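Use these hints to put chain B onto chain A, whose structure you have.
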Amino acid sequence: MAGFTPLFAPALATLFALSACDRYPRDADDLTAQAADAGMRVGASHDPPYVQVSADGGVTGVEAELVRRFADAHGYRVTWVPGGHDALMRDLERTRLHAVIGGHHRKSPWKPKVGWSRPLHQRATEDAPLPERQIALPPGQSQWHLAFDRHLVRHEGAQ
Amino acid sequence: MSIARRPPSRALPAEQQHALRRAERLCGWTLLWMSLVSALMYFAMGGSQAMKTALIEDLLSLVPPIAFLVASRFRRKGVDHEYITGRERAFDVNFLISAVALTGVGLALVYDGLHTLLSATRPVVGTVVVAGHVVWQGWVMMAALAVSAVPPIILGHKKLALAKQLSLKPLHTDADMGKADWMTAAAGIVGVAGIGFGLWWADAAAALVIAGSILHDGVSNLRGAVRDLHDARPQQLDRSDPDPLPARLCREIAALPWMEGCGVRLHEEGFHLSGIVLLGNRNLTAAQVEEVRAIAHAIDWRLDQIDVSLDTPA
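Same order as they appear, the protein sequences are chains A and B. For the first sequence, position 17 matches number 17 in full-length UniProt numbering, and the numbering has no gaps at all. For the second sequence, position 292 matches number 292 in full-length UniProt numbering, and the numbering has no gaps at all.
Be careful, since some hints might not be right.
Unchecked claim - Some chain B residues close to chain A (C-beta under 10 Å, calculated; not the full set):
#1 Tyr111
#2 Gly126
#3 Gly138
#4 Leu199
To be verified - Take a look, some chain A residues computed to stay more than 12 Å from chain B by CB distance:
#5 Asp30
#6 Val62
#7 Glu93
#8 Lys107
Honestly, the hints are just simulated from the structure, not real lab data. Source: prediction; values computed, not measured. Using N, Cα and C, we set each Cβ at its ideal position, and we do this for glycine too.
Only chain A is shown next, with the shape it has when bound in the complex (with noise of 0.2 Å):
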């Protein structure tokens, strides 16, 4: 048990400095500075009522209106990466996208690969069963979703 203080006080020491530490914690890929400069790329798949790809590229629907007020509290500007499923939450994996909205199933095989905002709890209804909806986040970007968190319980009365 020799060994014990030695590994085990840095890792508090290390603790206690985070905590008195405002920018923690980080991205890995720095996506937050990203959206700051060069704005939220966000990948959007035709999945209506919630999210609607229109022939000409634009996103409506409420997810794409939330990500937007988002964008708005933050000063964010947002880029709309229309596309398939697969292929956006690919890119997510990658931290290419800062979210992608639409298309998510419960059961999704992407489930432990990227990060899941809060549930949203949009009312199910007869167009759209899904019981709980949530969008896809990049993984490893820690400051990002919590910031992304944090605005949805805040405001979109995420639980």
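Coordinates of chain B only, in the frame set by chain A:
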């Protein structure tokens, strides 16, 4: 002609019997605490690689105490028509199982750590809502890991003391597993803290550093278990040196006035050392054989079945 059963093993001295009962109770507590810790880890896990491997490790750390409890119960049945040489080796089998479990933990940690590093997987650490506040899940994970480190530290410390008192290697391996547990938890905390700094590889790298030490412990225990099952020369509990008991037995027998040269060949059987004393006396009497056995039993409680035979030159 009949199948001769070995006489029952020597009863443990009162102090060791008490220690064995305490060891059993400790293993019971280990099962309870490590199950609770595993449940806690499962709910706090998130996408951290170190956290996942810490959970695998916590689950595998249930193996040595379960094996110990089974071995202890099995050993008590003693000699019967099926186990004609007794069940003293139950703890040797237990030692092998525990060593395999520890090695398994080491391998699992190495594999996961390397896989995460080589595939450059970004760990997913989301958020939780605590009393209406959105909190980074990393804090919860670090807290769970810190809590998970406490039972193995306390239990491992106690098991190590009992393992020394009982000279019981599987209990020593169990204590090693406890050490592996809290080291993994400490590495997990460093790893998750690293993720918070944006270092996606910190988690896997921390797990990999610890994996090396656990794998080393596992492999050396595994080698020890295999050599013990091959009746190799007895070793001390920590395997640092040969056990001094055979040499001491040899010295004490050699001091007998009627002795004409002696050699001993002992092996480990759970708590006990058993084996053969080879004497050079051509006209060995039953009384002399008994005298040798009495000396052996007087030296240490661990010396059990001592057969005496003539050393015939090859």
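We went through each hint and held it up to the structure:
Interface hint at tyrosine 111 (chain B): violated, since its Cβ lies 17 Å from the closest Cβ of chain A, which is beyond the 10 Å cut-off. Nearest Cβ of chain A to the Cβ of glycine 126 (chain B): about 6 Å, under the 10 Å cut. The hint holds. For glycine 138 (chain B), the suggested interface contact is upheld, since its CB lies about 6 Å from the closest CB of chain A, less than 10 Å. A least Cβ separation of about 7 Å between leucine 199 (chain B) and chain A falls short of the 10 Å threshold, and the interface hint therefore holds.
With a least CB separation of 8 Å from chain B, aspartate 30 (chain A) falls inside the 12 Å interface cut-off, contrary to its annotation. Remark: the non-interface label on valine 62 (chain A) is consistent with the geometry, its nearest Cβ contact in chain B lying 21 Å away (cut-off 12 Å). A Cβ of chain B approaches the Cβ of glutamate 93 (chain A) within 12 Å, the least distance being about 8 Å, so the stated non-interface status is violated. Every CB of chain B is more than 12 Å from the CB of lysine 107 (chain A) (nearest about 17 Å), matching its label as outside the interface.
In summary, the numbered hints that this structure violates are 1, 5, 7.
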